[in-house]
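Enquirer: Letter by letter, the chains look like this.
Number of protein chains: 2
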Amino acid sequence: MKLVKECRNIKLTLAYDGTGYSGFQRQLNTKMTIQEKLEEALGRLTKKEITLHGAGRTDAGVHALGQVVNFRTSASIPVERWPYALRGLLPPEIVVYKAEEVPKEFHARYTAVAKTYIYRIWSARWPSVFHQRYTLFYPGELQEDPIRETLEILKGTHDFRAFAAQGSAVRNTVRTISALVWEEKGDERVLTVRADGFLYHMVRNIVGTLLWVGEGRLTPEQVQAAMVAGQRKDLGPTAPPMGLCLKEVEYPPNHAKG
Amino acid sequence: MKLVKECRNIKLTLAYDGTGYSGFQRQLNTKMTIQEKLEEALGRLTKKEITLHGAGRTDAGVHALGQVVNFRTSASIPVERWPYALRGLLPPEIVVYKAEEVPKEFHARYTAVAKTYIYRIWSARWPSVFHQRYTLFYPGELQEDPIRETLEILKGTHDFRAFAAQGSAVRNTVRTISALVWEEKGDERVLTVRADGFLYHMVRNIVGTLLWVGEGRLTPEQVQAAMVAGQRKDLGPTAPPMGLCLKEVEYPPNHAKG
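First to last, the protein sequences are chains A and B.
The first sequence begins at 1 in the numbering used here and counts up by one.
The second sequence begins at 1 in the numbering used here and counts up by one.
You may find that some hints are simply not true.
Each pair may be met inside one copy or between any two copies, as identical chains are not told apart.
[Stated by the list, open to error] In silico SDA-like cross-links for lysine to any residue, where the CA-CA straight-line distance does not exceed 25 Å: (1) 247 x 84; (2) 104 x 19; (3) 31 x 124; (4) 31 x 196; (5) 48 x 30; (6) 98 x 187; (7) 31 x 253; (8) 98 x 126; (9) 98 x 165; (10) 104 x 81; (11) 31 x 133; (12) 104 x 148.
Note that these hints are calculated values from the structure, not bench results.
Just so it is clear, the structure is predicted and the values come from calculations on it, not from any experiment.
Excised from the complex, chain A in its bound form:
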């Protein structure tokens, strides 16, 4: 008699509209977290308590197009059925669109080699009622040249502690930004940032700084000096959460089972 069922490691890829949620990570004082809703749905599906690991702890109001989570289960539901089975158990703002069985050592957060965030800015004269949940409304003129100059300064491997939320306790603040693109798409400006990891509030602090550079309140040289000196106070403010979206999490090519 086989007493221990085989325990599979399942990886899910999901999108969510983070408006109205208190962020990804489970919290004691609210049920409105993405993790809570997911674990609840997975619990109802498997009839077991499920604890999952998320790749990125998106903040309150931040969205995702490609968040990744993993969890262990002995449930025998075929892997391709998970997204359909979860559809009716999750609120409409959370959509799991991919499920894969992965090797037992796969961990959504620790196995990740790169993450990509986008930040959307709506720079028309009036806010768009269809985009305002997902964009920062910023009607002012922005000078593109100094913004692009600043991107060149930020690209690559640097100590980004000047872009970390003040008081955050991470020891190693060196990160590598492998892609940093600023695009104009009609009334939208979109910043895409790909890095091996991010400090707390790093993208939103980069965006707030770029907006100040675009307004002429900071020069690219001042940004460089503040980065070298590690001075958070010499940079721009933390941009609000609604423009931010976790677009993709990347893993080594060999992580998929099979």
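Assemble chain B onto chain A, guided by the hints.
Expert: Okay, now just chain B, sitting in the frame of chain A:
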């Protein structure tokens, strides 16, 4: 001494996200109508009770990019200031982006010569968390050829009573569709309908019928026969409201005060 202040006729153009609202028109049992919110904001701005006329009575959950309203006021606020002044008095889902002074005989509804609605269908495999408030999620395959054939049948001047909500009491059910376009835009299908006027639920009934045609449940010939016979029951269902949006209302060129 001048006792009667000059009474101006003001035309506003506005966009709204109709999710969570009970439609445009004021109702006794709810404060969640666009008209109520607008009249309340205008009342606070002018310190007078304002009654406005809307061009289109959009239903619960239906959106607008170019709804038009008008009202009379003796307030002396310069016309170009109205959109800015209303911004802080309206919920974020309602954005007034244009104000004009118009001749006293202008009426948002009766002066209109054409209205354009769009209906957005999201036909990817999974719903989009960023578009689901504004699109109908419809993951099935649609045959485009019979849909386009049906558009040709509907274009022009016809008695559209087969496309009106059952029980609606309008006497004249003849309308002229001057433009009817079906477009594929990535994962989206967008129907654009321009007509001199619309019967109640007419666009949503056209969409429900086109979806059935695209699925092969109705042929273009059957649609034509049902239209000629005026048989609502022989056509497709009423498509849900969230995909619908009042895009534009047109007026004769001489309506602007000059």
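Enquirer: Quick check: which numbered hints come out false for this structure?
Expert: Result: hints 2, 3, 4, 7, 9 and 12 break, sorted rising.
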